[in-house]
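Engineer: Top line first, the protein sequences correspond to chains A and B. All residue numbers for the first sequence refer to the working numbering, where the first residue is 1 and numbers rise by one. All residue numbers for the second sequence refer to the working numbering, where the first residue is 1001 and numbers rise by one.
The set of hints was computed from the structure by calculation and includes no laboratory data. Be aware that a few hints might be false.
[To be verified] Pairs of lysine-lysine, DSS-like flavour, derived with a Cα cap of 30 Å:
#, chain 1, residue 1, chain 2, residue 2
1, A, Lys-135, B, Lys-1058
2, A, Lys-135, B, Lys-1052
3, A, Lys-50, B, Lys-1065
4, A, Lys-402, A, Lys-298
5, A, Lys-25, A, Lys-50
Quantities reported herein were computed from a predicted structural model and do not represent experimental measurements.
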Amino acid sequence: MTMTRIALALALLSPALSAQEDVKKQIEELKKQVAALEERAKDQEKTLTKVETKVAQSNIAWGGDLRTRFDSAQWHFKPYQQFMGFVQNPNMGEGNPYPFMPMAQQMPAQDWSNSTQWSTRLRLRMTMNINEHAKIMGRLTMFKVHGGADTPIFNGSPNTVQNSFNSGKVPASDVLHVERASFVYDWPSLGVLSIGRQNTSDGPPYEVRDGGERQATPQALAVNAMVDGIGWKFHLEPLGLPEHSLFGLCYGVGYESGFGGGGLVKSSATVVGFNFTNATMANPAGAAMQVNPIGSLKDSTVLGAMLDIPFMFEGLGAIHSANVYVGYNRFGNMTDIPFGSLSNFPVPAQPGMGGMPSIQYVTATNNLGDMDQWTATWKHKIGDAFTYFASFGYIKSHPNGKTSQYGAYWDMPAQMGGPGYQLTGFGGLLGDKDKSQTANAYWVGARWDVRSNLGLGLEFNHGSPKWFTYSPATGEATEKLATRGDVLEAYVHWEFAKNVSLRVGYLDYKFSHAFSGWHIAPAPMAGSWDAAYNLDNNPMLQYASPSGIKNTYVSLEVKF
Amino acid sequence: MKVLSILTAAALLAMPLAAEQKGSDTKGKFYFKKNCKTCHEKGGAALTPLSKTQAQWKKFFDAGKHKGEALAPKHGTPEQILDIKTFLINHASDSPQPETCGG
């Protein structure tokens, strides 16, 4: 009986004992897990301390991109007359009383190719947050052509003159340039103030080709260069416009004439050539030295206004993202050229020196007048796959009657331009120092992202015979948006690994007129400017101007 | 012709590939403005992609909660949440393409 009772009691206790065992096991397991968690927490504490220390020590957020590119270009030149200087006039006589005349050598059509040119561009983007509303934004850029050709050979194009507008925009040396450095203060309900070296390069719609985010405030067709100044953007949302709508005002300095006091000189002069008007065969000494005044320059300025309205909406089964940009710039007291350096080869032979290449420096010699510039752009992205844009530009010059001191002068008969006429060299605003001239351009393009990592693009831009824009280059050696003529570009952009892309592209330039990229040009000897410097009309030029460039490029692009 | 051939070949090569299971950047921007900014701007401090790093946005969306509540469906459909996540990570403060210039 007793045995039975004991057996029964054990049987009843058995599940309880078993449950206790389970609880014990669970407690042990939990203890192990807690210990492991404590260990992990310690590790994370260490990591966190390291990260916090690193963050505390570095208040600069870095990003950027590296691009290495291979270009293969073929240039074509139509026949032109190479200006060589002045010679005796063999037809001197009644009605043609001038003892000397311009000498030009007829040049045939020519082809030139640069089958391989490598370049590497490094851009380091910096953001330094000062407080909740203030930050400093910067970008450091090196754009190096492979090899030791650090200073470009001047070829008549302004992008072969190195200066602080285009450094980092055209391939050159291994110097790391400060492309942007501005203090930005954001008043939430008022607007944004920006002072310093502004984000004025690679603006909209340039980012479509890049397949990335918008990089700058002004439209690329208006300004694609480095500009120093101050800007204020008003938020327009309180007025009922879409979020991020802005109205901006900016002021920049294109040339500081007082730096070093050079611009304050009132009575300096420079020899620019000879006036042969009074000289005859019997009286060669009558060729008087032509002296033009230097000094008393005014600062070149840029006063701009811009309107920027982004839209987002749903329709036709897709999300649409669109932007309207309208811009106006007034370029005041434009000079012929800012300070710049170039490699000129060969310099004219000098006694005892011969023709030798040399680095030359140029600087502003005259204020030439003002210019108005209007631009407008529409950009529309449909879903993630298709983006198109159209950009338009219009300029109007307001010359002051002055010309650049660089070039050759000649006192012409009244019917051929009159005294002080500039036959070659750099001339006045848009080739006319006295009368307003106008020009226009447009740029259209589309990009189709057939996959999230593969984009195909096609762009076309056209500039009228006198077109000018502050766009020294769009990341290559030539000046696409400044072209007087047509440019077609097609590309394939393949992101084959995260943030690593391969781009294959083709650029086809067809120039209609000479002096692409310049805001200045010499006057014609006779007839209209458009006819005189049409590349089909055998123009007289101091530097050869290509009529066509075909450029195939491949680039490897890395973002970080 | 050469260029057209290259473009066509690239397009043909790309076509047969299966669509990727990723959110839409453009839709993400749209739904971020529509679903998130309306509330976040009331507080004063603006919420933008730059407000967090890529890792921080990933962590936020992996947790799938906002103030203790599940993100979906209160803050959008699962597809919209994925689009918003894609947009915010693509343009986070440490991304190669941080949002700039208000564009």
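Engineer: Decide, hint by hint, whether the structure agrees.
Structural biologist: Results of checking the hints against the structure:
no. : hint                     : result
1   : Lys-135(A) - Lys-1058(B) : 25 Å, holds
2   : Lys-135(A) - Lys-1052(B) : 16 Å, holds
3   : Lys-50(A) - Lys-1065(B)  : 28 Å, holds
4   : Lys-402(A) - Lys-298(A)  : 13 Å, holds
5   : Lys-25(A) - Lys-50(A)    : 38 Å, violated
Hint compliance for this structure: hint 5 alone is broken.
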